[in-house]
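Asker: The primary structure of each chain is shown beneath.
Protein chains: 2
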Amino acid sequence: MAQFLNTKANLVTEAIDGLLAGSGGALARLDGYPHIKVVYRADWDKSKVALISGGGSGHEPAHAGFVGKGMLTAAVCGEVFASPSVEAVLAGILAVTGPAGCLLIVKNYTGDRLNFGLAAERARALGRQVEMVVVDDDIALPELPQPRGVAGTLFVHKIAGALADAGEDLKTVAEAARTVIGKVASIGMSLDTCTVPGSPKEDRIGVGKAELGLGIHGEPGVEQVDFSTAMHAMDTVVAKLGPHLGQGTYVALVNNLGSTTPLEMSVLTHALTETGIAAHLIGPAPMMTSLDMHGFSVSVMETSPRELAALQAPVDLAAWPGTKSIVPVPIGPLPDGLTPIEPIPSKNDKVRATLERVSDLLIAAEQSLNELDAKSGDGDTGSTLATAARALKGSLDRMPLADLTQLFPALGNELSQTMGGSSGVILAIFFNAAGDACANGAPVIAALREGLDRVSEVGGASVGDRTMIDALSPALSALPNGIVASATAARVGADSTASIHRARAGRAAYVPEDNLKGHNDPGAEAVALLFEGLASELKD
Amino acid sequence: MAQFLNTKANLVTEAIDGLLAGSGGALARLDGYPHIKVVYRADWDKSKVALISGGGSGHEPAHAGFVGKGMLTAAVCGEVFASPSVEAVLAGILAVTGPAGCLLIVKNYTGDRLNFGLAAERARALGRQVEMVVVDDDIALPELPQPRGVAGTLFVHKIAGALADAGEDLKTVAEAARTVIGKVASIGMSLDTCTVPGSPKEDRIGVGKAELGLGIHGEPGVEQVDFSTAMHAMDTVVAKLGPHLGQGTYVALVNNLGSTTPLEMSVLTHALTETGIAAHLIGPAPMMTSLDMHGFSVSVMETSPRELAALQAPVDLAAWPGTKSIVPVPIGPLPDGLTPIEPIPSKNDKVRATLERVSDLLIAAEQSLNELDAKSGDGDTGSTLATAARALKGSLDRMPLADLTQLFPALGNELSQTMGGSSGVILAIFFNAAGDACANGAPVIAALREGLDRVSEVGGASVGDRTMIDALSPALSALPNGIVASATAARVGADSTASIHRARAGRAAYVPEDNLKGHNDPGAEAVALLFEGLASELKD
Chain A
1 MAQFLNTKAN LVTEAIDGLL AGSGGALARL DGYPHIKVVY RADWDKSKVA LISGGGSGHE
61 PAHAGFVGKG MLTAAVCGEV FASPSVEAVL AGILAVTGPA GCLLIVKNYT GDRLNFGLAA
121 ERARALGRQV EMVVVDDDIA LPELPQPRGV AGTLFVHKIA GALADAGEDL KTVAEAARTV
181 IGKVASIGMS LDTCTVPGSP KEDRIGVGKA ELGLGIHGEP GVEQVDFSTA MHAMDTVVAK
241 LGPHLGQGTY VALVNNLGST TPLEMSVLTH ALTETGIAAH LIGPAPMMTS LDMHGFSVSV
301 METSPRELAA LQAPVDLAAW PGTKSIVPVP IGPLPDGLTP IEPIPSKNDK VRATLERVSD
361 LLIAAEQSLN ELDAKSGDGD TGSTLATAAR ALKGSLDRMP LADLTQLFPA LGNELSQTMG
421 GSSGVILAIF FNAAGDACAN GAPVIAALRE GLDRVSEVGG ASVGDRTMID ALSPALSALP
481 NGIVASATAA RVGADSTASI HRARAGRAAY VPEDNLKGHN DPGAEAVALL FEGLASELKD
Chain B
541 MAQFLNTKAN LVTEAIDGLL AGSGGALARL DGYPHIKVVY RADWDKSKVA LISGGGSGHE
601 PAHAGFVGKG MLTAAVCGEV FASPSVEAVL AGILAVTGPA GCLLIVKNYT GDRLNFGLAA
661 ERARALGRQV EMVVVDDDIA LPELPQPRGV AGTLFVHKIA GALADAGEDL KTVAEAARTV
721 IGKVASIGMS LDTCTVPGSP KEDRIGVGKA ELGLGIHGEP GVEQVDFSTA MHAMDTVVAK
781 LGPHLGQGTY VALVNNLGST TPLEMSVLTH ALTETGIAAH LIGPAPMMTS LDMHGFSVSV
841 METSPRELAA LQAPVDLAAW PGTKSIVPVP IGPLPDGLTP IEPIPSKNDK VRATLERVSD
901 LLIAAEQSLN ELDAKSGDGD TGSTLATAAR ALKGSLDRMP LADLTQLFPA LGNELSQTMG
961 GSSGVILAIF FNAAGDACAN GAPVIAALRE GLDRVSEVGG ASVGDRTMID ALSPALSALP
1021 NGIVASATAA RVGADSTASI HRARAGRAAY VPEDNLKGHN DPGAEAVALL FEGLASELKD
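Protein chains in written order, with the numbering used here: chain A, 1 to 540; chain B, 541 to 1080.
If you are wondering where the hints come from, they were derived from the structure by calculation, not from laboratory data. Be a bit skeptical, because a hint or two may be false.
Straight-line alpha carbon distances no greater than 30 Å define the calculated DSBU-like cross-link-like pairs of lysine-lysine that follow [as the list claims (entries may be wrong)]: (1) B:K723 x B:K609; (2) A:K201 x B:K548; (3) B:K548 x A:K209.
Cβ-Cβ distance ranges computed for the label pairs, FRET-style [to be verified]: (4) A:P142 x B:S739: 34 to 44 Å; (5) A:K8 x B:G786: 30 to 40 Å; (6) B:S739 x A:E274: 22 to 32 Å; (7) B:E814 x A:K8: 12 to 22 Å; (8) A:I445 x B:E814: 55 to 65 Å; (9) B:T789 x A:A309: 39 to 49 Å; (10) B:S865 x A:A309: 28 to 38 Å.
Partner residues are not named here, just some residues of chain B that face chain A (Cβ under 8 Å, in silico) [stated by the list, open to error]: (11) Q543; (12) A561; (13) G562; (14) A665; (15) T809; (16) V869; (17) G877; (18) I966.
Cβ coordinates follow ideal geometry from the N, Cα and C atoms, glycine included.
Full structure from sequences and hints, please.
Answerer: Now the structure itself:
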């Protein structure tokens, strides 16, 4: 599978440089590329206990993404899924450890234990105070005496980080870290394996299956389980965590293992909060990933008030999502005004006659407009308009015919309900805006012009874009000179659309040029037919 | 492809509930499920201009993830890739708009324009002050008059958000938003299409190809280009942005379109910063995603000092990565002490004879230890030890034989370099810790015990775990009683490992039980042979 990288050899160093470039100078690195890849706080003054973590890369944002005030002091990065060397860890220790000493936070993998362990020994020989803790939060293999260290490591980073930042001494910080480690339990589930750069993707998870209890280095899960829904997946995970749950204040950390979408993570989080196992939530967010694994993990920890406060202490790190209380979601009532107020019907014979005439004209034009539309579209413009016209005729008894200020929005609402699609919405905008202008005292023609301007603004089309505006705009401009002049202008405008081969807006923007040549735009044609019909009636 | 969801019908509402659950009460929603999905600030008091955005779902964290003080007031969410209805938008407007009015920030898609546009009209008819801006930052199709709205929308959210939060009036905020829209340009590239829930995945991007200029709804890109490296991909994207770049202070927003790993995003960011086109950086982060699309986009904007300040204004939103200056990365020198100081050689015939004898014993046992190891491992324990022993014999002239405090760490460093693998590191930890204890005044046997304790701590193994500790620990315990007693104890310990069928640590933890039965652990056997050899020499 293709990936956005240059060479496998430079993958991690370039990624670190990218991370640092985006840190605004907050992060520095040691001059040890390619072998020694140590990221540390640029503002670090060694006045407090230093926290150092790290391990193989491929788990971003862990660990370098958590380097900053209140969390890690430095991260020692190995190649993808490979422990950093003793020298790299030692360089990290020596670079950031002052008189207050340092705590190494190591995930329980043999390579990491040994390399961090020997580096600690050599740093001690050089006079540094070094403590080391090993995180083993994975409960996937309950009988294994050496559980792996996974996303629960974040609890250690955050709590130890807050204590170190508060000036606690090394013994206190290390003790707190060990207490956390004793209380954290994690388990993950995935629908697919991860893609290790330069290696073919392993395809071991069958259709309808998920892996439960996987590690973060692509190692197989403890078991493959049937996968049905997010809810069932979360219930399975929570059931596994069951023995580690009890009374007390629990914090749950919901970790995206890589490529799970935010939508899915939120659905999983919803499922988790429904179980009621935790009072506080960290995430959902990618914190300890496994490259692009399509999965998630949940870590839980019973917290003392002091631990909870440490988890909640704010830090200025984009990768840390914060610790939020799980509270009932505030649900506000729907506001009034969503349903348009039914207008009070009123009578006006002239207006009624005009609307009936307009409707009849559109009904009569159904076939010809459909045929025109078929040449450049889906052939339904005539029927769409005729259907709306028939409904309009049937609604006239309910209409406030004597009051244009009310009639315009009423027409708009009627058309938006009976016409459907973009056309209905556009006409609704037209009539609503016209009504608004009327209400503000505009004369009728000015109000209609206001409606057109709003349609133009919202739809993004103007004259020359091969839409109904090409007929409606000149028709309205000519209307002060009478309906006959207006009809003439509409016809000229509609006919001009036959030579517009590039539609700039509306549906025709997606139609090949050749299909447009020589045919009027059906919407513009409808407007022209309408004004012509009204004009001829006047002449009759 | 399987996804973590329950039903497609409930996908968006459950995801919103998950997001809200993790907001700690900061976010509320309207009581309009399933049709009306409006998320808004729970603390909103309508005292300032409200900012409302939204559109189809599937772009998370946009838009609900950006609802909070300093950014959006409300987000109106449609189904996946489908515009919310007029009623939903209207509900959002009416719920949060006070006397200061509201600004609708709409991405340029017909459905969104129409539905937000009509809702605005209806809200105006109800007396609300509503302005609407349409973001059209996508430069993929330069000749298209209606460019799509993509990740550049975030510039509008943030800058308008900061101004609204500062108490600016609607006209000022809307004007600022329009100015931003006029300056933002975006383009994306992807290696794969996205997976729309409930639909089969389209497989239109061939091997070795990438799509350039894609939209965020799975629509095909403008062109398929050859894909080679991240650097080339970024150069291609930056070349497209070229006409939109110039003098001035540019901010680049690097957006993860979905499933691109943080490693890849950081490599791309490194490539971007190398081009020097921007002075400030937002991201990399998922901000405007397209479900699980394996791609990225870059948006650029020339900023005034006021706009830059608005982008940099801090907000308490996990989804917003902040705006950081791109500065030269601080690179610190490697610390002193990484290379172990070469000890000053010194002579001690007795120590030299002991080390030679130990080496010879291990060399002699090469074959038998290999054979033993072959039964439960990869058959190289004997050779590993013999190789190290031969190197040790050759190094004795360089060793500080007269000073145990120096000799122990020197032995450790020698072994870690010549032995390789876990064994070398473990012995290095053993001798370094012993040396450290010696330096602190411990007698020899106590110092060796200290070394063993450290190995136990770092390696996570103790007596009974079927490792060399099963022989070494009793041997050291018996050593005060003489080498003969010690050898006897080592032998008993080594032989006990033949009945330990479940290895709890070390390599044998991964070997099937049946392969362990009846065979001594090779490491423990080596220790026993060593002590027995030393004891027999004494007796000779």
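Asker: Could you run down the list of hints and mark each one as holding or not?
Answerer: Do the hints match the structure? See the list:
no. : hint                        : in the structure
1   : B:K723 x B:K609             : holds (25 Å)
2   : A:K201 x B:K548             : holds (29 Å)
3   : B:K548 x A:K209             : holds (19 Å)
4   : A:P142 x B:S739: 34 to 44 Å : holds (40 Å)
5   : A:K8 x B:G786: 30 to 40 Å   : holds (37 Å)
6   : B:S739 x A:E274: 22 to 32 Å : holds (27 Å)
7   : B:E814 x A:K8: 12 to 22 Å   : holds (19 Å)
8   : A:I445 x B:E814: 55 to 65 Å : holds (60 Å)
9   : B:T789 x A:A309: 39 to 49 Å : holds (40 Å)
10  : B:S865 x A:A309: 28 to 38 Å : holds (32 Å)
11  : Q543                        : holds (6 Å)
12  : A561                        : holds (4 Å)
13  : G562                        : holds (5 Å)
14  : A665                        : holds (6 Å)
15  : T809                        : holds (4 Å)
16  : V869                        : holds (4 Å)
17  : G877                        : holds (5 Å)
18  : I966                        : holds (7 Å)
When each numbered hint is compared with the structure, no violation occurs for any of them.
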